[in-house]
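Same order as they appear, the protein sequences are chains A, B, C, D and E. Per this note's numbering, residue 1 is the first one in the first sequence, and the count goes up by one each step. Per this note's numbering, residue 1 is the first one in the second sequence, and the count goes up by one each step. Per this note's numbering, residue 1 is the first one in the third sequence, and the count goes up by one each step. Per this note's numbering, residue 1 is the first one in the fourth sequence, and the count goes up by one each step. Per this note's numbering, residue 1 is the first one in the fifth sequence, and the count goes up by one each step.
Simulated from the structure, these hints should not be mistaken for laboratory data. Watch out, some of these pointers could steer you wrong.
What the hints assert, rightly or not - DSBU-like cross-link-like pairs, simulated, lysine-lysine; straight-line CA separation at most 30 Å:
#, chain 1, residue 1, chain 2, residue 2
1, B, K136, B, K172
2, A, K75, B, K172
3, B, K218, A, K61
The structure presented is a predicted model; accordingly, all values stated were derived computationally and were not measured.
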Amino acid sequence: MRMRSYLIGFAFLSPALVVLIAFFLTPVVLTAIFAFTNMSTSTGISGGAYVITGNLLTHLKDEGVPPKIADALSKTSFSVDPETLARAKAAGTDPQFLAEIEKQFSGRTFDDARSFERELKGLRHRPRAIRDLKLAAGQFELSILNARFATAAEARNAIDTFLPSVPAETVDQIVQASYTGWRWTTANFGQLFANPDTWRIVLNTIFYVATTLSFTVFIGLFLAITTFYLPTSVATAFSMLWLLPRLTPIVLYAVMWKWFTWDGGFVYTAAKALGLPAFNYMKGSVPTAWTVVILINGFIGAAFSMILFSGALKAIPVQQLWASEVDGASRWQQIRYIILPHLRWPILFVTSYQTLSLLSSYEQIWLTTNGGPGRTTMVWALEAFNTALNNYTGNLQYGLGAAMALVLVIVGVTLSIVYLRLFRFDELLSRPKIEF
Amino acid sequence: RDVTVKVWAGGTSESSMYRIDAIKMAADILSREAAVRGDDLKVNVEGQTWTGWDDFKQAVTLAAESNTAPNIIVSGHEDIGPWSKSGLLRPIEDYVDLDAWPLNQIYSNLLDVATFDGKLWGIPEDAEARPFYFSKPHLKAIGYTDEQIEALPEKVESGEYTLYSMLDDVKKMQDKGVVENGMGFMPRPVNGTDYWQFYQSFGGEMTDKETGKLLLDKQALTDMYQFFVDAVDKGVVPSTYLGTAWDSWHDAVAHDKAGAWHGGTWHKAEWETKWGLKDFFGQIEPTLIPAGNARGRANTITHPLVYLLSTTGSDDDATIAAELISIASEPRINALHAVKSGHLAIGEAEAGVPLYANDRWTTIATEEFLPHANSIPNDPDFGVVWKAMYKGLEASWTKSSSVADAVDGVETEVRTTLGDKVVIR
Amino acid sequence: MTRNFSRLPLILLLLIMSAPIIIMYAFLLIDTVTNSPPGSAIPNAFTLSHWRFLYDPGATGDIWGPTLTTILFTASIVAIVLCIASTAGYALSRLNMPFRRFFLAGVLVMHAFPLVTLIIGVFLVLQFIGLYNTLTGVVLVKAGLMLPFGIWIMKGFYDTVPWEIEMAGVQDGASRFTVWRRLILPQVKPGLFALALFAAIDAWGEYMLPRILAPSSNFEVLSMYLNTVSDPDSTTYNFNLFKSVGLFYTLPILALYAIFRDRLMTIFGGGTKG
Amino acid sequence: MQIALKDFTKSFDGHTVIDRMNLTIEDGEMLALLGPSGCGKSTTLFAICGIHRINGGQILFGDRDVSHLPSQKRNVGVVFQNYALYPHMSVYDNIAFPLTIKRTGKTEIDRQVREIAEMTHIEELLARRPAQLSGGQQQRVALARALVRKPDVLLLDEPLANLDAKLRLEMRSEIRRIQLETGITAVLVTHDQVEAMSMCDRIAIMSRGEILQVATPTDMYRAPETRFVAGFLGNPPIVFVDGRVGGGRTLQTERGLRLPLPSRLEGLPEGQPISLGIRPEHIGAGGDAEITGKVVFVEPQGRETLFDIEIAKGTALRSIQPARDDIRLGDAVTWSIDRDRLLAFGADGKAL
Amino acid sequence: MQIALKDFTKSFDGHTVIDRMNLTIEDGEMLALLGPSGCGKSTTLFAICGIHRINGGQILFGDRDVSHLPSQKRNVGVVFQNYALYPHMSVYDNIAFPLTIKRTGKTEIDRQVREIAEMTHIEELLARRPAQLSGGQQQRVALARALVRKPDVLLLDEPLANLDAKLRLEMRSEIRRIQLETGITAVLVTHDQVEAMSMCDRIAIMSRGEILQVATPTDMYRAPETRFVAGFLGNPPIVFVDGRVGGGRTLQTERGLRLPLPSRLEGLPEGQPISLGIRPEHIGAGGDAEITGKVVFVEPQGRETLFDIEIAKGTALRSIQPARDDIRLGDAVTWSIDRDRLLAFGADGKAL
Ligand SMILES: Nc1ncnc2c1ncn2[C@@H]1O[C@H](COP(=O)(O)OP(=O)(O)OP(=O)(O)O)[C@@H](O)[C@H]1O
Ligand SMILES: Nc1ncnc2c1ncn2[C@@H]1O[C@H](COP(=O)(O)OP(=O)(O)OP(=O)(O)O)[C@@H](O)[C@H]1O
Ligand SMILES: [Mg+2]
Ligand SMILES: [Mg+2]
Ligand SMILES: O=P([O-])([O-])[O-]
C-alpha cells in the first residue's frame, strides 16, 4: 500500500533526477575525480596510450635505463628480409610490387623511411598514391618508436619482440613511462598551496565577494526602501530600470560597460571635459578596475536584492506602518525600528545566496577586465576556468583546474549547508497531508 | 565520391582568411585533377575561424576528446607537442611526399619547427618575424638624423643599442612632448610569443642544449621583469598596461602616437588596410628586438602556424586532407596569404613568386629578420612554463609583487608542476 | 502608503544613483540610430545605417539564422524546464516518498551553486552521450542548470495551493495523477508562466554554454553572433553597429519583461524566499 | 477631549466614499461606529488618526483643527483589527515604542510602561514576543501601546474581530473597563451589533458613508429611526411584513393577511403603505394580540428555541422562546403577539 | 449507510492524538462532532474519508471494512471548510468532476448535475466560476459536488465557519434540509455549539481525542454527563460554583456562601465536594429559591440584557433576562433561582 504512494512520488521526480544526476551530480563527481589527476591537454581526458618516443628514451637514460638498451630501442630501420616480406604480403601489398622489392632490395637495410621510400619510388609497380607507397613501406619497418599501443601488454610485447634481451624490469619501467594518459596524483593541491599566486587570488576573491556583496545589499536595500515610499508609478519605473542589467544578455551588458568606461568612452569624455584624469577606467588603474568590476556585478545583484527586499517590504502588514506613524515615528525611525527588523531574513538570504553566486561566477569579469590590469582583478572561479579551459597557450590543465573547481564546490556546499541550518530548512518541508 | 574536409584556424582575422581559402582552392584543384583523371571525387571544405587563440584551442581540444575534431587544424607549431602526445594528430610525414613538389622547396628550418620527437607533424603555413618598431618622426624630434635612423637596425643587431637605450629615447620623446606620457613604449598588450623575445634579449634560452629539456633561466627572467618594471618607473608605460585592448594599441601605433613598440610583421598589413596607415616606411623604422644587456642578443621569434592533420575520420579522409595541405602549400597559393597578411614565405620557390618578391616589406623581413629568428620549443610542457612566465610578468609589471617574488613564484609553479622535466638555472 | 512623508528628495537621490544605467541604456538606444562615436555625448546625424544588418548579411553576417536558432534554443529550454520542474516540484511539495528531505535539500544546494565551474565534467557527460558540439546538448545542460531553481520555484507555488483542493479531488475519486493534471496544475499557472518567462529570458541571454559546449555547431545563437560582432581583436569594431545588433538581440527580452513584469515578479517573491 | 467631524468628505480616486459627514464624540464617551462592511467605518477612523488625508471638511480635536496634520502630530492611539504589534520587539518594547520615539527618558518610559501594563493586566508578559501571546493577550498589548502615550482619543478598528467567541466576550468588558478607568474619548469601529451595544455609550450607525442615527444602544434597539437600523440590530433579526393600513389598527398584506398595528399608530390614513417590523422575542411571550400559523422550522439552540411560523402562504414570522420541545415541525400554534412593541415604518423607511 | 469506528486510533509522528475511539453513526442520521479546537475532530473526519491512514482499529461502512482503502475507493462526499472548489472550472464542471472521473456518459452527467443543482438551488449559477459566487453559493456548490456521486456518507468539516452571520443562519437550515431530503448519513464537524444543536440529530462531544457524550441536542443541554459538556454548551456559558454538600440540600463554599441544591440530590453525604452549575437563564426567571447580590456588570444586548451579580466576594453569578433597563450597575438585587434545573457535578467532573 505504502509502496504505491512512494512509486507515484518517484515517478513524478524521476525526470528531474535523471537530468540532475546527469548534469549536476556526475560533473561534480567527475570534477572530484579529475582533481586528483594530472590531466591536461597532452594527457587527454579519456585515456592515453603507450608510446615509446625518442625523447622518452633519452629521458629514461637519466632514470637508469642502460644507455645501450635505450639506444638500441631507439633504432629505426627498414629491412627487406623474408620476415618483413611475408608481413607485407599478409598486409595485402600488391604482389607485383612486392616481387619487385624482393628482387631489388632483398637483404638490404635502410636507416630511415625517406631513403627507403625514395628507392621504392623508382620501382615500376609502385602504387601511384604516396600514401599507399608509405603504407607498403611501413611493412618493412623495424621499430617500436612512435607506435601507439592501446595497452601495456601490447607495448611490452612489442619491446620483447623488437629486442628480446631487455630485462623485464626495464621493459616495465619503459612501458610505465611511455604512458601518455593521465595519472593519479595529489600534487594539484600541493601546487595550489605552495604557489603564492594562489593566495593572492584568494584575497582578490574575498575582496571581490565582500565588496560586491555589500554594494548589492546596501543598494538593494536603499532601492527597495525608497521605492517603497514612492507612488507605484515612480517605483515601477525605477525598479524596471534597475532590472535592466539583470535582464540584458551578458555579452551586450559587458560591452555597454566597455562603452561607458573605455578610452574615449563616456566616463573618459566626461572626465576630460571636467578636467579629471581621463583614461581607460576599466583597465587603466587598479582601483578603477575594481570599482568597475564591483559595479558591473553589483548592479546585477542589486536588482535581485531589490526585488527580494521589495517583496518582503510589501509583506509587512501595512497596519504596522500605520501604527508606527500613529505612534509618532518619523520616516527614519520607521525604517530603523519597523522596516529593517522585518528585512532581517531577506538580508541574510540575499547575503548567503549572493555569496555563493559571486564565488562561482566569472563571466562578467571574464568579458570585461578579464582579471586585468595584470592579474589584479583575477578571482578564483575565473582562474579555475582559465586553468582548465581557456588560455592563450592552449595548455589546458584539467586536473589543476578541477582541483580549483573542487575547492569551490566544497566551499559552496559547506556554505549551503550552513545556510540550510540558518534558514530553518525543516520549516520548508511540510508533511504531505494525504497519507495514501 | 563526396568528401567533406573540415578546417579550423585560430588567431585568424580578415586579412589572414587565406589560411582557410588556400585549402578551399586546393580542394577545387584536387577535384579538378580527379575529374581529369576520371575519378569521381568532389572535395568540399568547411572552414571555421577563431579570432583569438583561447577559444580556438579550447574548441579543438574538446572536439578532439569527443572525436569531432576537424580534419585539418591550423595552429601554432608549439601545439604539436601536447597534441601529438595526446593522440590528436597524425604525423603528416606518413601522408605526404616531402621529396616532391611543392613540399620539397620548403625551408628546412621551418620543417624542423614542425618536427617533434623525430616526426614531422605539420606543414608550415606561414612564417613571420616580430620586429621592434620605432617612430621615425619622434626619433627625429629628439635629434636623430636620417642617417642615424637608417643605421639603427645595425646598431640594434650588434647589441650596441639596447632595450635600455630605447627606454632613454622614448623617455626623451615624452619629455619633449611629442609623445604623451605613458605612451613612449607600447609593448604587445596581451600575452604572446613576443615576450619570450625579451627573455632572449636578456640571455634566456628556452631549451637546454645539452639535455634537450626545457630551460628556465632565472637571471634572464629577473632581468626581463626588471626591465619592464624600470620602464614603468620611467613612466614610459603604465603599470596597468597589460590587458589594454588591441584596438587602443593599433590606434596608437598606427597613428604615430607611440615612441617605440613591437609587433608582428603582419601588423603592417592591418595598419594599412584597417587603420589608414599611408606611409609605413616613411613613418616607421623596424629593427630586431634589441638586446637587453650584455648576456643577451638582439633577436626575433618566428611563430609559424602549421597545417596539422587530426586523427579524426578515416585514413582515406586524412589522405585527402593531406593532399589538400600539399596543394595549399604551392608557392603561388601560399604567397597570397603571405603578402595579404604580412607573413613570410615558407619556401624558396615562394620567395620568387612575383607577388611576394616585389613586396618590399616581405623582402626586408625575409632578409633582415628571418636569419636571426628562432622559435619556441614544441615541448608539450612548454605551455606550463609559458603560463607561469606570463603570470610572473603580470605580477611584477603591475607591482602586485616584487621582481624577486615573481621569479620565485614562476620557479615554484614550474617546479611543482614539471619537476625535473625542466632545467632551472 | 500614507502621505505622512515627502517624496521629492528620494526621487532625486534615486535618479543620481541610477545615472550609469540611464546613460548606458539611453545611449544604447541613441547610438543605434546616430553616428556618434563612443563617448561623445551629443549625437550627430540620424541614420538607420546601423540597422542594415537586418537585410544585408554583408554587414555582420546573416542575423536571421541565429535568431531562429535562438528562438528554438530558448523554446526547447523553456519546454524542458517547465515539464520537469512542474512534476518534480509537485513531488517535493505534495507526495509521500522516502528521502524527500534529502531531495529538497539537494535541490536547494544546487540552486545556490551554479555549475559553470564544473564544465569539464559537463563536457565529459555530453561527450559520453554524444551531444558535445550540438545545440541539443547545450539545451539539455542549460535546462539542467535551471532545474534546481525551477523546481524550487514550482515547489513554492505548489505549496500555496490549498490542500483541500487536492483532498477534494481525491475524494471525488480522481487518481493523484489526474488530480495533479486537472486540478493542481491549473492552480499554479501563474507560477508556470513566470517560470517560463524567467527561463526564456535566461536562455535567451545564455552565452557561456554555447560557446564552450558547441563552439563549432552549425547553429549559432545570437549571443555568440553578437560576440563575433564585438570582437575586440577585430579592427572593424563598431560600437554603433554592435549596439544595434545588441538592441535587436535584447528587444524581445525587454518586451517580454515590460509586458509581463508583474507576472515575472511573482517568481522572485514566490520562489526565492528563504 | 471632544472630537468633531465637520462636513468630513473623503474620496478615493475621485470616487466619493464619505460625503459631508458630521459627527461629534463627546469628551470621555465611547462611541461605536456600527455598519455593514464597506460602509466607510474604517475610512472615518483613518481620517481621524491621519492615515488618510481628507478631501473636505474639518476634523477638530477639542478646538484644535488637525485636518491637515500628519499622524505623528495628532496624538491618537489606535488599536488595529489585527493588533499590528511589532513582531520583532518584546511586549515591553512594543509598548515603549511611542515613548522611545519621543525620546522619553529610560526610567520614565519604564514607569509608564509598567503602569499601563498593570492596568491592562499584562505585567507578566512584558518579556515575551507577540507571537508567544494568545489573541486576547495581544489585544491587551495593542491597547496598552495605544494608551501609553496618553492620547487625546483612542480609536479601535474591529478590535475583537480576530478573537474567538469566549475571548471576545471577555475582552469586551475588559476594553470597556479600561476606557472607563482612563476616561479617554474612544471610537469603536465594528460591524457586530452586540459589540456595539454592549461596549459603547452611544452608537452611530452607518450605511454607505452616511450616519443614519446616533443614539444609546437601548434607544436604538427600541426606537430605531429607520427600517435599516431596525433590521441591522437584533438577533435573530427582525422580520418585516409589508402591507397597507387596513380597517382600524390593522395591517393588510396583498394576500389579505391581517396583523394588528401598535396602538400609538391610530389615525393613520387608510391604505397608506406600511411595513411592520416584528422582533422574534415579541411573539409567544405575552401580549394582547394573537397570531396563528404552522411551525415550518424548529431550531433548538440550547437555552432557547427558534421557530418559523407560516401565518400565510409565503409569509413566515419568527419566534424565539426559552427552550421547549413540546412543539414539533408542522404543528399548528396560536401565539400571543405584543402589538405595542411592534415597529412600523413608512414607505420612505422612516419610523412612524 | 451506517458508519462505525471501532477502536479507531491515530497518531502523528508517534504522538497519539486519538486513542481507541468508538463511534457509530446510524444510517440516515446527521451527527455532529463538537469540540474545542485541536480535540481531533478533523482528524476523525479525515480518517473516515481516507485522507489519513489510521494507526489502529477499524472503520466500517455498513459491513465493508474500508480501513485501508484510499479515498478514491471509499465513496464519501466531503465539504471542506473553505469549500475547496476548483477555481478554474465552472460551477457545472465542478459538480460534474466526480462523474467525469468515473467516465459517466455526457448526457447522464448532465442529468445528474442538473438534478443536484436543482436540489441545492443553484441552477442559475452553473455557468459561473467559483470566484463569482458569494460564500453561501459556494457552499451550495461544494455540497452539490459532494452529493452528486451519491456517496455513502457526507462529511462536513466546519462548513459554515467562513460565512458571515446571516448566511450562516440560512445555510444551517439549508444543509439540514438537503440532508433530510437525500436521507444521507452525515457527519458535521464544528466547534460551534449552536450549529451542532440546530442542525444535527445527535451530537458527539469530543475533548482531547475522546468522545465524552453522544446524545440528542436537547438531552445534552439539559443533562450533560460531565462538567466539561455542561461548560461547553450554553451561551452565555454556565457558571460553576465549587463547594461541599452542607447542611441539608445546600452547597457551602469555602467562604461560607450557601446555595440551594436540586431536590433530586437529597441524600448526598455531608461534606462531599460538589460543583454546582448555574445557567444564566435560570436566574431571575422564576423558581423556588432566591439569591441576593450586587450587580457588577450590565451588558445590554438588544433583545436581552446580561447581568453579573456578585453574591459573595469573588463569586459572581450570571443572569440573562429579556431586555430591561431598570437595573443599573451597583444595584442590589434579589432574584429567583430555579433550583431543580441546577446541574451538579462530583469531584471527578461526572454529573450527579
Ligand atoms: N484605499 C482605498 N482605495 C479605494 N477605495 C477604498 C480604499 N479604502 C476603502 N475604499 C472604499 O471605501 C469604502 C469604505 O471602505 P471602509 O474600509 O471604510 O469600509 P468599512 O466600513 O471599514 O468596511 P469593513 O467592515 O469591511 O472594514 C469601500 O467601498 C471601499 O471599497
Ligand atoms: N498532520 C498533522 N501532524 C501532526 N499533528 C497533527 C496533524 N494534524 C493534526 N494534528 C494534531 O492533532 C490534534 C487534532 O487535530 P485536529 O485538526 O483533528 O483538531 P480539530 O478538532 O479539527 O481542531 P480545529 O477545530 O482547530 O480544526 C491537534 O493536536 C493537532 O495538533
Ligand atoms: Mg474596515
Ligand atoms: Mg479541524
Ligand atoms: O598571433 P599571435 O598571438 O601569436 O601574435
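The hints, checked one at a time:
{"no.": "1", "hint": "K136/B - K172/B", "verdict": "holds, 14 Å"}
{"no.": "2", "hint": "K75/A - K172/B", "verdict": "violated, 60 Å"}
{"no.": "3", "hint": "K218/B - K61/A", "verdict": "holds, 26 Å"}
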